[in-house]
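Number of protein chains: 2
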Amino acid sequence: MSSKKNAIAPTRSENFSEWYQAVIKAADLAEHSAVRGCMIIKPWGYAIWELIQKNLDKMIKDTGHDNVYFPMLIPLSYLQKEAAHVDGFAKECAVVTHYRLETNDAGELVPAPDAKLSEPYIIRPTSETVIGTAMASWINSYKDLPVKINQWANVMRWEMRTRLFLRTSEFLWQEGHTAHATEEEAMSETRMMLDVYETLAQDYLAIPVIKGEKTPSERFPGAVNTYCIEAMMQDGKALQAGTSHFLGQNFSSAYSIAFADKNQQRSFAWTTSWGVSTRLIGALILTHSDDDGLVLPPVVAPVQVILIPVAMNADDLSSVMEYCEVLVKDLRAQKYHDDFVRVSIDKTDERAGTKFWNAVKKGIPLRVEIGMREINADLLSISRRDNPAKEKKQMKRADVVSDVAVLLNEIQDALLKRATAFKAQHTFHVNTLDELEKAFGDDEAHCCGFATAYFDFAVENNPATEEKLKKMKLTIRCMPLDRDATTGHCIFSDNVVNTKVIFARAY
Amino acid sequence: MSSKKNAIAPTRSENFSEWYQAVIKAADLAEHSAVRGCMIIKPWGYAIWELIQKNLDKMIKDTGHDNVYFPMLIPLSYLQKEAAHVDGFAKECAVVTHYRLETNDAGELVPAPDAKLSEPYIIRPTSETVIGTAMASWINSYKDLPVKINQWANVMRWEMRTRLFLRTSEFLWQEGHTAHATEEEAMSETRMMLDVYETLAQDYLAIPVIKGEKTPSERFPGAVNTYCIEAMMQDGKALQAGTSHFLGQNFSSAYSIAFADKNQQRSFAWTTSWGVSTRLIGALILTHSDDDGLVLPPVVAPVQVILIPVAMNADDLSSVMEYCEVLVKDLRAQKYHDDFVRVSIDKTDERAGTKFWNAVKKGIPLRVEIGMREINADLLSISRRDNPAKEKKQMKRADVVSDVAVLLNEIQDALLKRATAFKAQHTFHVNTLDELEKAFGDDEAHCCGFATAYFDFAVENNPATEEKLKKMKLTIRCMPLDRDATTGHCIFSDNVVNTKVIFARAY
Numbered sequence: 001m002s003s004k005k006n007a008i009a010p011t012r013s014e015n016f017s018e019w020y021q022a023v024i025k026a027a028d029l030a031e032h033s034a035v036r037g038c039m040i041i042k043p044w045g046y047a048i049w050e051l052i053q054k055n056l057d058k059m060i061k062d063t064g065h066d067n068v069y070f071p072m073l074i075p076l077s078y079l080q081k082e083a084a085h086v087d088g089f090a091k092e093c094a095v096v097t098h099y100r101l102e103t104n105d106a107g108e109l110v111p112a113p114d115a116k117l118s119e120p121y122i123i124r125p126t127s128e129t130v131i132g133t134a135m136a137s138w139i140n141s142y143k144d145l146p147v148k149i150n151q152w153a154n155v156m157r158w159e160m161r162t163r164l165f166l167r168t169s170e171f172l173w174q175e176g177h178t179a180h181a182t183e184e185e186a187m188s189e190t191r192m193m194l195d196v197y198e199t200l201a202q203d204y205l206a207i208p209v210i211k212g213e214k215t216p217s218e219r220f221p222g223a224v225n226t227y228c229i230e231a232m233m234q235d236g237k238a239l240q241a242g243t244s245h246f247l248g249q250n251f252s253s254a255y256s257i258a259f260a261d262k263n264q265q266r267s268f269a270w271t272t273s274w275g276v277s278t279r280l281i282g283a284l285i286l287t288h289s290d291d292d293g294l295v296l297p298p299v300v301a302p303v304q305v306i307l308i309p310v311a312m313n314a315d316d317l318s319s320v321m322e323y324c325e326v327l328v329k330d331l332r333a334q335k336y337h338d339d340f341v342r343v344s345i346d347k348t349d350e351r352a353g354t355k356f357w358n359a360v361k362k363g364i365p366l367r368v369e370i371g372m373r374e375i376n377a378d379l380l381s382i383s384r385r386d387n388p389a390k391e392k393k394q395m396k397r398a399d400v401v402s403d404v405a406v407l408l409n410e411i412q413d414a415l416l417k418r419a420t421a422f423k424a425q426h427t428f429h430v431n432t433l434d435e436l437e438k439a440f441g442d443d444e445a446h447c448c449g450f451a452t453a454y455f456d457f458a459v460e461n462n463p464a465t466e467e468k469l470k471k472m473k474l475t476i477r478c479m480p481l482d483r484d485a486t487t488g489h490c491i492f493s494d495n496v497v498n499t500k501v502i503f504a505r506a507y
Numbered sequence: 001m002s003s004k005k006n007a008i009a010p011t012r013s014e015n016f017s018e019w020y021q022a023v024i025k026a027a028d029l030a031e032h033s034a035v036r037g038c039m040i041i042k043p044w045g046y047a048i049w050e051l052i053q054k055n056l057d058k059m060i061k062d063t064g065h066d067n068v069y070f071p072m073l074i075p076l077s078y079l080q081k082e083a084a085h086v087d088g089f090a091k092e093c094a095v096v097t098h099y100r101l102e103t104n105d106a107g108e109l110v111p112a113p114d115a116k117l118s119e120p121y122i123i124r125p126t127s128e129t130v131i132g133t134a135m136a137s138w139i140n141s142y143k144d145l146p147v148k149i150n151q152w153a154n155v156m157r158w159e160m161r162t163r164l165f166l167r168t169s170e171f172l173w174q175e176g177h178t179a180h181a182t183e184e185e186a187m188s189e190t191r192m193m194l195d196v197y198e199t200l201a202q203d204y205l206a207i208p209v210i211k212g213e214k215t216p217s218e219r220f221p222g223a224v225n226t227y228c229i230e231a232m233m234q235d236g237k238a239l240q241a242g243t244s245h246f247l248g249q250n251f252s253s254a255y256s257i258a259f260a261d262k263n264q265q266r267s268f269a270w271t272t273s274w275g276v277s278t279r280l281i282g283a284l285i286l287t288h289s290d291d292d293g294l295v296l297p298p299v300v301a302p303v304q305v306i307l308i309p310v311a312m313n314a315d316d317l318s319s320v321m322e323y324c325e326v327l328v329k330d331l332r333a334q335k336y337h338d339d340f341v342r343v344s345i346d347k348t349d350e351r352a353g354t355k356f357w358n359a360v361k362k363g364i365p366l367r368v369e370i371g372m373r374e375i376n377a378d379l380l381s382i383s384r385r386d387n388p389a390k391e392k393k394q395m396k397r398a399d400v401v402s403d404v405a406v407l408l409n410e411i412q413d414a415l416l417k418r419a420t421a422f423k424a425q426h427t428f429h430v431n432t433l434d435e436l437e438k439a440f441g442d443d444e445a446h447c448c449g450f451a452t453a454y455f456d457f458a459v460e461n462n463p464a465t466e467e468k469l470k471k472m473k474l475t476i477r478c479m480p481l482d483r484d485a486t487t488g489h490c491i492f493s494d495n496v497v498n499t500k501v502i503f504a505r506a507y
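Top to bottom, those sequences are chains V and F.
First residue of the first sequence? That's 1 in this note's numbering, and the numbers climb one at a time after it.
First residue of the second sequence? That's 1 in this note's numbering, and the numbers climb one at a time after it.
Heads up, a few of these hints could be off.
Copies of the same chain look alike in the list, so a pair counts if it works inside one copy or between any two.
[As the list claims (entries may be wrong)] Cross-link-like lysine-lysine pairs, in silico, DSS-like; alpha carbons within 27 Å at most:
#: 1; residue 1: Lys42; residue 2: Lys143
#: 2; residue 1: Lys262; residue 2: Lys347
#: 3; residue 1: Lys143; residue 2: Lys25
#: 4; residue 1: Lys91; residue 2: Lys116
#: 5; residue 1: Lys470; residue 2: Lys500
#: 6; residue 1: Lys393; residue 2: Lys58
#: 7; residue 1: Lys143; residue 2: Lys347
#: 8; residue 1: Lys148; residue 2: Lys54
#: 9; residue 1: Lys116; residue 2: Lys393
#: 10; residue 1: Lys61; residue 2: Lys25
#: 11; residue 1: Lys329; residue 2: Lys347
#: 12; residue 1: Lys211; residue 2: Lys423
#: 13; residue 1: Lys148; residue 2: Lys42
#: 14; residue 1: Lys468; residue 2: Lys396
#: 15; residue 1: Lys468; residue 2: Lys423
#: 16; residue 1: Lys347; residue 2: Lys417
#: 17; residue 1: Lys329; residue 2: Lys61
#: 18; residue 1: Lys54; residue 2: Lys335
#: 19; residue 1: Lys61; residue 2: Lys347
#: 20; residue 1: Lys148; residue 2: Lys25
#: 21; residue 1: Lys347; residue 2: Lys148
#: 22; residue 1: Lys81; residue 2: Lys42
#: 23; residue 1: Lys329; residue 2: Lys417
Derived from the structure by calculation, the hints contain no laboratory data.
Here the structure is a predicted model, which is why all the values come from computation and not from measurement.
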């Protein structure tokens with residue numbers, strides 16, 4: 001047990017996995033549904049998603065993509081065209097086989113036998129197949145290229161072990177799909193979108209990430225190269241926060257996406273796809289939250305400032321509320337991060353202490369407590385969510401209004417700085433397999449972070465490599481893009497290579 | 001054949017149904033997919049939907065609702081709890097029976113026999129069942145009420161005859177779901193949301209609507225009252241553009257949504273649900289478009305003003321483009337309908353005439369043609385999409401900038417006025433069944449609009465009534481809410497009643 005009393009239980013050090021559930025519950029972000037592996041995203045959780053969407057959607061549009069919507073059902077025949085793709089997704093998909101229900105003789109509602117589909121559909125796990133088929137009909141000439149589209153959609157992958165936000169059977173995401181005339185252009189698109197995801201993670205979610213390339217066995221099914229952003233959670237585990245795939249001509253040849261160039265020569269287009277999902281909310285929680293609950297970076301906080309009225313009696317309450325209603329207007333006229341500041345007043349009947357802790361548990365960046373004493377002294381009591389809960393600062397009303405954007409910006413920066421320092425402290429280099437084994441040990445909960453090491457891709461699929469990694473519960477996260485020209489001995493094969501990878505336990 | 005040459009074929013009078021398809025194709029709004037009854041919404045169509053979403057979402061939030069997200073799969077056991085509801089939806093739903101595919105001995109990809117679900121799921125046709133189940137666990141006390149939530153989601157109803165936007169198996173919509181402590185409050189919510197939909201239709205989409213109540217047999221399965229907004233299309237047919245349901249205690253008793261009041265007495269909550277869908281885009285097209293293609297009300301036009309550069313040679317083109325780039329900035333600084341004006345430059349290599357007609361077919365409200373002559377004379381050539389395509393007006397550059405919002409507003413008003421006049425012209429009263437039969441005749445394409453008549457609900461389900469209506473291809477659209485206290489003879493039963501309804505052919 002922790003000696004200090006916290007707003008939620010258990011603490012991170014007591015039980016990290018249960019702490020994660022407790023943060024979600026205390027902030028009322030989401031809950032499990034009776035539908036296997038599917039979650040209900042509640043108002044506070046969905047409002048965070050809307051802010052992520054809004055910011056990312058703008059970046060997607062600013063980089064020249066149009067939003068579209070494709071059917072959620074995929075005919076099996078579409079899936080079969082790309083061999084690696086079907087291998088990757090057939091094992092975990094929801095299959096639609098009937099289009100009507102009826103009541104049988106026993107009075108039970110069952111799929112109507114005479115309404116069986118001649119060709120079943122699957123619910124999209126991702127949409128390369130259905131979008132590739134459409135692109136084939138849209139693209140004929142080099143003049144039709146590039147095609148750069150995106151959709152915000154729900155997808156389904158039948159997961160056996162699920163966790164709110166981190167791994168659910170149904171999740172929400174955006175998936176971008178593009179087709180280009182040249183390999184260079186498609187590769188440049190793939191890398192540009194990886195940069196957009198890095199910006200989203202670092203500048204909006206305050207999550208530092210490593211941009212990297214996945215090793216061959218971790219690629220998206222059907223991709224030539226898969227790039228990713230990897231983040232480190234507070235338990236030292238890695239979380240893949242977004243991926244961008246260079247699909248080469250694998251999908252364009254499977255789905256006949258071909259075009260005639262200026263000389264009337266036909267060739268297959270070069271395609272890409274890229275996505276991030278509601279998993280980002282899991283990453284947010286695991287990066288910033290503390291033993292008092294959720295901590296939200298101001299940019300994606302549905303409420304950035306909460307005014308907490310404190311009153312001893314009805315007369316006081318009326319004066320305090322009047323004061324708050326004026327203050328809220330002044331604060332809402334301020335701008336932060338290209339938007340007006342989002343401010344609320346806690347108008348519940350709860351006691352002041354309960355209001356205070358509710359705001360803490362919801363992760364609201366700034367709390368302002370306002371009672372008659374504060375009003376009369378013109379000194380409001382301000383507390384920042386990134387500081388210990390009871391740390392307060394007195395500020396004049398006028399300063400609160402004029403400095404609110406500065407304060408929010410300080411919190412945003414402080415969260416990124418703290419997470420960046422944590423990542424740096426828990427990233428280390430190993431020169432031998434022995435060092436790697438010693439670092440991670442057998443205790444899965446042991447937080448040791450990211451180990452970098454030289455690695456020879458040729459031995460990735462060797463049973464010996466796989467067995468060692470499995471025993472250590474480690475995965476190869478990626479080969480960081482930001483790398484030097486040095487060489488070293490692969491910790492598995494001892495061959496001298498110039499490729500370094502990151503080993504970590506992962507979500 | 002029409003004597004005048006139009007941008008699309010056929011014209012409305014030649015073949016209204018094919019004209020509708022031609023408008024969609026010429027504006028590149030959407031297309032059929034290989035997935036039965038499902039459409040692909042293309043960038044221009046989706047951008048219109050985003051504008052509808054953005055405006056309606058604001059109204060939904062301003063009236064106190066929070067967005068959420070619920071699973072798309074519904075267990076059969078949920079569906080079965082409300083008898084009328086299951087009757088209404090079991091006949092047209094996609095059923096998920098397996099969660100994995102495998103390759104059989106013949107090399108075909110098939111649902112894996114050992115991955116059959118013990119309880120199948122359906123893809124949501126609407127979410128009362130799954131949301132009702134969650135509300136039951138959220139609501140315990142009167143303090144937990146009201147619950148007012150909304151979700152933007154895809155839903156699926158297995159339709160046999162589909163038409164882009166108007167009727168598709170999968171469609172996009174929003175569905176609001178609320179629970180209240182009293183009948184009055186729930187009824188007031190139901191009516192408030194109907195008013196919101198009326199505002200959306202009239203003030204944003206420039207579609208005049210009649211607010212009405214559905215007759216018993218046309219109610220939402222499980223509802224006590226269903227309210228609707230009905231619009232008249234240019235062929236005189238009715239289109240139901242949105243519905244708001246008062247569910248009474250039907251769902252709360254089926255799903256155990258109960259609460260304890262201040263005296264600890266438990267009772268069932270009163271619930272509502274309401275929705276509009278991508279069908280609204282179909283309504284937009286059928287209300288405003290003409291024989292040259294799509295006509296968009298400025299409020300929901302993804303591009304409100306298009307600048308069309310006209311140049312004879314490369315030197316001119318460079319000067320004209322330079323001029324356009326400055327003008328576009330000045331126009332984008334203007335505000336219309338709480339947003340900056342949306343302006344584009346047509347930068348394609350097409351001939352000026354092609355650019356002109358492309359803008360017409362896409363329904364862009366204002367076209368500005370700019371060549372060296374216009375620049376030198378400081379008289380730009382402006383054409384409005386609501387006027388005949390070739391009608392142009394010369395305006396000084398400064399006036400174009402200062403008046404752009406006024407011009408857009410004039411177009412928005414003119415479209416609503418025109419549609420309102422059309423509706424008035426095609427609405428008439430009948431005193432006898434004979435008059436009704438004569439008005440509609442046997443020709444389904446004959447445009448005669450809405451017939452109002454006194455009607456006795458008691459005879460609605462009489463075989464004689466149903467047969468007559470079926471023969472005339474008529475449906476009872478609604479009982480208008482805006483009604484007088486007069487009485488008259490039911491045209492079917494001859495009984496004296498005070499209830500008037502609207503008869504029309506319908507989409």
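Against the structure, the hints:
1. When the C-alpha separation of Lys42 and Lys143 is checked against a cutoff of 27 Å, the pair qualifies only between copies, where the shortest distance is 18 Å, while the shortest distance within a copy is 45 Å.
2. Within a single copy, Lys262 and Lys347 get their C-alpha atoms only as close as 66 Å, which misses the 27 Å cut-off; across copies the closest is 20 Å, which meets it.
3. For the homomeric pair Lys143 and Lys25, the shortest alpha-carbon distance between copies (19 Å) is at most 27 Å, but the shortest distance inside one copy (52 Å) is not.
4. In this homomeric assembly, Lys91 and Lys116 come within 27 Å of each other (Cα to Cα) both inside a single copy, at 22 Å, and across copies, at 13 Å.
5. When the C-alpha separation of Lys470 and Lys500 is checked against a cutoff of 27 Å, the pair qualifies only within one copy, where the shortest distance is 19 Å, while the shortest distance between copies is 74 Å.
6. Within a single copy, Lys393 and Lys58 get their C-alpha atoms no closer than 36 Å, and across copies no closer than 35 Å, so neither meets the 27 Å cut-off.
7. When the C-alpha separation of Lys143 and Lys347 is checked against a cutoff of 27 Å, the pair qualifies only between copies, where the shortest distance is 13 Å, while the shortest distance within a copy is 58 Å.
8. For the identical chains of this complex, Lys148 and Lys54 are neighbours both inside a copy (19 Å) and across copies (23 Å), given an alpha-carbon limit of 27 Å.
9. Proximity of Lys116 and Lys393 under a CA criterion of 27 Å is satisfied in neither setting, with 67 Å inside one chain copy and 60 Å between copies.
10. In the homo-oligomer, the alpha carbons of Lys61 and Lys25 lie at most 27 Å apart only across protomers (24 Å), although the nearest pairing inside one protomer, at 34 Å, exceeds that limit.
11. For a Cα distance limit of 27 Å, the shortest separation of Lys329 from Lys347 inside one copy, 15 Å, qualifies, whereas the shortest one across copies, 43 Å, does not.
12. For the identical chains of this complex, Lys211 and Lys423 are intra-copy neighbours only, at 14 Å inside a copy versus 59 Å across copies, given an alpha-carbon limit of 27 Å.
13. Taking the shortest Cα distances, Lys148 and Lys42 sit within 27 Å of each other only across copies (12 Å), while inside one copy they are farther apart (32 Å).
14. Taking identical chains as interchangeable, the C-alpha atoms of Lys468 and Lys396 are never at most 27 Å apart, the minima being 60 Å within one chain and 76 Å between chains.
15. In the homo-oligomer, the alpha carbons of Lys468 and Lys423 lie at most 27 Å apart inside one protomer (25 Å), although the nearest pairing across protomers, at 76 Å, exceeds that limit.
16. In this assembly of identical chains, Lys347 and Lys417 lie within 27 Å of each other by CA distance neither inside one copy nor across copies; the values are 34 Å within and 44 Å between.
17. Taking identical chains as interchangeable, the C-alpha atoms of Lys329 and Lys61 lie at most 27 Å apart only when they sit on different chains, with a minimum of 18 Å there against 32 Å within one chain.
18. Taking CA atoms no more than 27 Å apart as the test, Lys54 paired with Lys335 passes in both settings, with 17 Å inside one copy and 21 Å between copies.
19. Only between protomers do Lys61 and Lys347 lie at most 27 Å apart by alpha-carbon distance; the minimum there is 18 Å, versus 38 Å within a single protomer.
20. In the homo-oligomer, the alpha carbons of Lys148 and Lys25 lie at most 27 Å apart only across protomers (20 Å), although the nearest pairing inside one protomer, at 39 Å, exceeds that limit.
21. Taking the shortest Cα distances, Lys347 and Lys148 sit within 27 Å of each other only across copies (17 Å), while inside one copy they are farther apart (46 Å).
22. In this assembly of identical chains, Lys81 and Lys42 lie within 27 Å of each other by CA distance solely across copies; the values are 24 Å between and 38 Å within a copy.
23. For the homomeric pair Lys329 and Lys417, neither the shortest alpha-carbon distance inside one copy (31 Å) nor that between copies (38 Å) is at most 27 Å.
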